[in-house]
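> Sequence:
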Amino acid sequence: MTGTPGLLTLEAQLRLVGAALVTAGLVHAVLPRAIGWPADLAGTTLLTRQVSYAHLFFIGLACALLGLLPLCLAPDLLAGGRLGTALLAGQTLFWGLRWLFEFAYFSPRLWRGDRLRTVAHLGLSVLWTWVTAVFAAALWHTV
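Just so we're aligned, residue 1115 is where the sequence shown starts under the working numbering, counting upward by one.
Don't read these hints as lab results, they were simulated from the structure. Mixed in with the good hints there might be a few duds.
Pair by pair, the computed Cβ-Cβ distance ranges are [claimed, not checked]: (1) Ala1176 - Leu1224: 16 to 24 Å; (2) Ala1200 - Ala1153: 39 to 47 Å; (3) Ala1247 - Leu1182: 14 to 22 Å; (4) Tyr1167 - Gly1120: 34 to 42 Å; (5) Gly1237 - Phe1172: 19 to 27 Å; (6) Leu1182 - Trp1244: 16 to 24 Å; (7) Phe1172 - Ala1126: 24 to 32 Å; (8) Ala1126 - Leu1230: 25 to 33 Å; (9) Ala1153 - Thr1243: 29 to 37 Å; (10) Arg1231 - Leu1197: 14 to 22 Å; (11) Leu1207 - Cys1186: 17 to 25 Å.
Virtual Cβ for every residue (Gly too), placed ideally from N, Cα, C.
Build the full structure now, drawing on both the sequences and the hints.
Spelled out as structure tokens, the structure:
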């Protein structure tokens, strides 16, 4: 047996990352209720509520759109052209910063002592590590 099997290829990993990011984008539709935003934001101003929900919408949209690139265009991203390399560099930087924020910005007080939030933190830590590593590996492949 030669070569890399199915899901372990870089192209397959890029597609899986893309699917995960599209899913993350779609999850933003139910995220406010899942994390209790309606109650949390009830005592704030209309401006704060609307800005919060607008930002959430655009973050979800950005996740979905950033996921569609590798999901639909993995071979093009890996082809080594200037545009593909630039897109991979941007994705690596973007998701690498998101990974960094998981540890350097969000306080452990947000999840410690709460089983569901601890599982979410651990899951997101693994997700952002995988996403960043796949984009970095793809970038390395193109340069």
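> Next, verify each hint and record whether it holds.
Tested hints:
Roughly 22 Å separates the CB atoms of Ala1176 and Leu1224, a value that falls within the hinted 16 to 24 Å. At roughly 42 Å, the beta-carbon separation of Ala1200 and Ala1153 lies within the given 39 to 47 Å, and the hint holds. Distance hint check for Ala1247 and Leu1182: the Cβ-Cβ separation is about 20 Å, which falls inside the suggested range of 14 to 22 Å. About 40 Å separates the C-beta atoms of Tyr1167 and Gly1120, a value consistent with the hinted range of 34 to 42 Å.
The hinted window of 19 to 27 Å between Gly1237 and Phe1172 holds, with their beta carbons roughly 23 Å apart. Distance hint check: the CB atoms of Leu1182 and Trp1244 are about 18 Å apart, consistent with the given range 16 to 24 Å. Checking the proposed 24 to 32 Å range against Phe1172 and Ala1126 shows it holds: the Cβ atoms sit about 29 Å from each other. The hinted window of 25 to 33 Å between Ala1126 and Leu1230 holds, with their beta carbons roughly 31 Å apart.
For Ala1153 and Thr1243, the hinted distance range of 29 to 37 Å is satisfied, since their beta carbons lie about 32 Å from each other. Evaluation of the 14 to 22 Å hint for Arg1231 and Leu1197 yields a failure: the beta carbon distance comes to about 39 Å. Distance hint check: the CB atoms of Leu1207 and Cys1186 are about 21 Å apart, consistent with the given range 17 to 25 Å.
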